[in-house]
Amino acid sequence: MHRRDMLLGLGATGFALAGCTAPSDDAVRVPANTTLIMVRHGEKSGLELTRPGQERAAALAQRLVDVPLDRVYSTSYKRNVLTAQPVADQKGLEVETVADFDVAPQILAGNGGKTILWVGNKGNLSQMWEAMGLPDPAPLEYGDIAFVRADGQGRVSVSLERFGA
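Numbering of the sequence shown is given in this note's numbering, commencing with residue 341 and proceeding in unit increments.
I should point out that these hints are in silico values taken from the structure, not numbers from a laboratory. All figures in this text were calculated on a predicted structure; none of them were measured in a lab. Glycine included, every Cβ here is placed at the ideal spot set by N, Cα and C. Hints may contain errors.
[Said to hold, decoys possible] Pairwise CB distance ranges, derived in the manner of DEER restraints:
1) Arg391 - Asp366: 41 to 49 Å
2) Gly386 - Gly453: 37 to 45 Å
3) Ala449 - Gly386: 27 to 35 Å
[Unchecked claim] In silico lysine to aspartate or glutamate, EDC-like type, Cα no more than 16 Å apart, as pairs:
4) Lys384 - Glu481
5) Lys418 - Glu383
6) Lys431 - Asp410
7) Lys462 - Glu481
8) Lys454 - Asp491
9) Lys462 - Asp476
10) Lys462 - Asp442
11) Lys418 - Asp442
12) Lys418 - Glu388
13) Lys462 - Asp440
With the hints as extra help, turn the sequences into a complete structure.
Next up, the structure:
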């Protein structure tokens with residue numbers, strides 16, 4: 341498993357890494373003690389997952405088997421819901437669908453202190469990443485998974501990993 345870790349200065353007492361800029365004042369903030377897990381849907385053909393996409397959805401559930409989750413979010417696109425469903429089933433949760441624009445405020449509001457999964461598309465993943473003021477790269481490729489964690493002081497760390505084949 342490949343892993344890249346970054347610590348971002350998003351809290352009042354934080355700092356920015358060299359080459360990274362702190363988010364603007366209007367950036368969407370990850371609430372303290374919150375983890376947002378972000379992935380792209382599995383490989384697709386039209387609206388359906390292909391066999392590799394189905395295998396990737398199962399691999400996502402396996403990757404998150406030991407991660408406590410409070411909520412699972414997705415767009416209403418079938419491929420996204422099908423990617424999220426194995427995780428939701430494993431955790432005894434529902435896949436909650438939200439509009440695929442301006443996603444970060446929708447799913448972060450009211451979820452402070454929780455661990456949530458977002459199964460998105462390239463467009464909304466990029467938009468969320470930018471809205472939160474996170475440094476590139478965003479998790480845009482099949483098999484990318486990002487863990488965006490805010491500690492008790494609101495300092496945000498980002499771990500980027502790969503899962504599945």
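Starting from Lys418, check that the Cα of Asp442 is at most 16 Å away, please. Violated. Lys418 to Asp442 sits at ~19 Å, over the 16 Å cutoff.
So if I understand the rule, the pair passes when the alpha-carbon distance is 16 Å or less; does Lys384 with Glu481 pass? OK: Lys384 and Glu481 at ~13 Å, within 16 Å.
Evaluate the given range 37 to 45 Å for the C-beta pair formed by Gly386 and Gly453. 38 Å, holds
Lys418 paired with Glu388 [C-alpha distance capped at 16 Å]: Measuring from Cα to Cα gives roughly 7 Å; hence the hint holds.
Hey, Lys462 versus Asp442, does the alpha-carbon distance stay inside 16 Å? Roughly 13 Å separates the two Cα atoms, so the pair holds.
Holds or violated: 41 to 49 Å for the Cβ distance of Arg391 and Asp366? 43 Å, holds
Just to be sure I understand the hint, the distance between the Cβ atoms of Ala449 and Gly386 should be within 27 to 35 Å; is that true here? 32 Å, holds
Within 16 Å, alpha carbon to alpha carbon, are Lys454 and Asp491? 11 Å, holds
Are the Cα atoms of Lys418 and Glu383 separated by 16 Å or less? 12 Å, holds
Please verify whether Lys462 and Asp476 have alpha carbons no more than 16 Å apart. 13 Å, holds
Quick one, are Lys462 and Glu481 close enough, alpha carbons at most 16 Å? 8 Å, holds
When you check the alpha-carbon spacing of Lys462 and Asp440, does it fall within 16 Å? Answer holds: Lys462 to Asp440 is near 11 Å, not above 16 Å.
When the structure is compared with the earlier hints, a violation turns up for hint 11 alone.
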